[in-house]
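**Student:** So the sequence lines, in the order shown, correspond to chains A and B.
Mapped onto the working numbering, the consecutive letters of the first sequence carry residue numbers 1 to 113.
Mapped onto the working numbering, the consecutive letters of the second sequence carry residue numbers 114 to 224.
The hints are simulated quantities; they were obtained by calculation from the structure and are not laboratory data.
You can trust all of the hints, since none of them are fake.
Derived BS3-like pairs: lysine-lysine, alpha-carbon spacing no greater than 27 angstroms straight-line: (1) A:K57 with A:K15; (2) A:K15 with B:K155; (3) B:K169 with B:K180; (4) B:K155 with A:K11; (5) A:K17 with A:K57; (6) A:K57 with A:K11; (7) A:K57 with B:K155.
Covered stretches of chain A, as calculated for chain B (at least 3 residues, CB under 8 angstroms): (8) 43-52; (9) 102-109.
Cβ atoms here follow ideal geometry from the backbone N, Cα and C, with glycine treated the same way.
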Amino acid sequence: GAGVSQSPSNKVTEKGKDVELRCDPISGHTALYWYRQSLGQGLEFLIYFQGNSAPDKSGLPSDRFSAERTGGSVSTLTIQRTQQEDSAVYLCASSTGSGETQYFGPGTRLLVL
Amino acid sequence: QKEVEQNSGPLSVPEGAIASLNCTYSDRGSQSFFWYRQYSGKSPELIMFIYSNGDKEDGRFTAQLNKASQYVSLLIRDSQPSDSATYLCAADTGTASKLTFGTGTRLQVTL
Chain A
1 GAGVSQSPSN
11 KVTEKGKDVE
21 LRCDPISGHT
31 ALYWYRQSLG
41 QGLEFLIYFQ
51 GNSAPDKSGL
61 PSDRFSAERT
71 GGSVSTLTIQ
81 RTQQEDSAVY
91 LCASSTGSGE
101 TQYFGPGTRL
111 LVL
Chain B
114 QKEVEQNSGP
124 LSVPEGAIAS
134 LNCTYSDRGS
144 QSFFWYRQYS
154 GKSPELIMFI
164 YSNGDKEDGR
174 FTAQLNKASQ
184 YVSLLIRDSQ
194 PSDSATYLCA
204 ADTGTASKLT
214 FGTGTRLQVT
224 L
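Bound-form chain B, shown alone (with noise of 0.2 angstroms):
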């Protein structure tokens, strides 16, 4: 079965910190791998995607891909309130061309 593992949390870090959310995934063949914020009682919305390895930086956020580790991970530089929500790793399953996705990581920004 094609996994996407993410740490459920929470995971608490203080406002203006940096924030580091982990996903790991299981098919070799993944080639696109996104992020998703879901605040509590809504809908996912598209943080950033990734499909390279290395890094890519879109304002405060940051993703890195390591196709070699089958690692993804978001940054979330001077964290705020704000995005306390659950984050969603995804990735494509490589020839079945559905998303998989974890089943997300709490992030609390503390004042």
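So here's chain A without its partners, still in its complex pose (with noise of 0.2 angstroms):
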């Protein structure tokens, strides 16, 4: 089937804006992950979907970052008023479940100038 799906690959947008990111998960996974990385580091969590469950947001940097799943699918992480240490890559990932596998989909590119 499918895998996880993101859009847009790329966005180059300017400081202060506001940007949404969308993550399509793999049909049926019910977890759903957000990461960030940044140039030539590892991987930063963001937060994490369970179910119906409420979101785990403890990594997320600071109030302009939020994110929701709707329907249990399709989640979208929006970031606010963008600053230039915004821009990294932002991977979504999903899995069976908790402490299961997860998947990754490709990422997007974000360039906050």
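Using the hints, put the two standalone chains together into the complex.
**Tutor:** This is the structure we're talking about:
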């Protein structure tokens, strides 16, 4: 079946603008994760959704970052008032459940000018 | 803070040799461990996972887990230039259900 898809693949924005990043997980996967990977760095956990449970937002770096998951499927990560330090690759992953193998999407490369 | 530690490398091995990648973790409650490969500019892809102490083999890859020493390793036999990538180790965080990733080891397989 189809893997995790993300859009857009690349996004260039100006400092101070809001951006929305989309993730469409593998069908049937109940867990969805967002990570951020800066140049040459490891994966930084941002937020985790599991079924209908309250999301784990412990990795969000500031209140400019938010995410939602509608209908237990597609998720949107929103960054308000973007800053240059937000420039990174934003990766989405999904799995069949917590602690299970995560499958990653191709990522969205965000550049804030 | 629950951590996963890896040597950033680069680890350079000649073609045909065995590459040994190592990882330590701090959370004794971790039960599941994963190795991902990430080519430059690409997203991580799963290589192997391991839950039990000992060795797990899949083709040219062997994952090793020692929970007493909190140590995970990945061996790549008959290394090929196409194996050149960054290898990420990840561990579940026990009660928290999400994976913690190391910063990765960059492997270079030379001709």
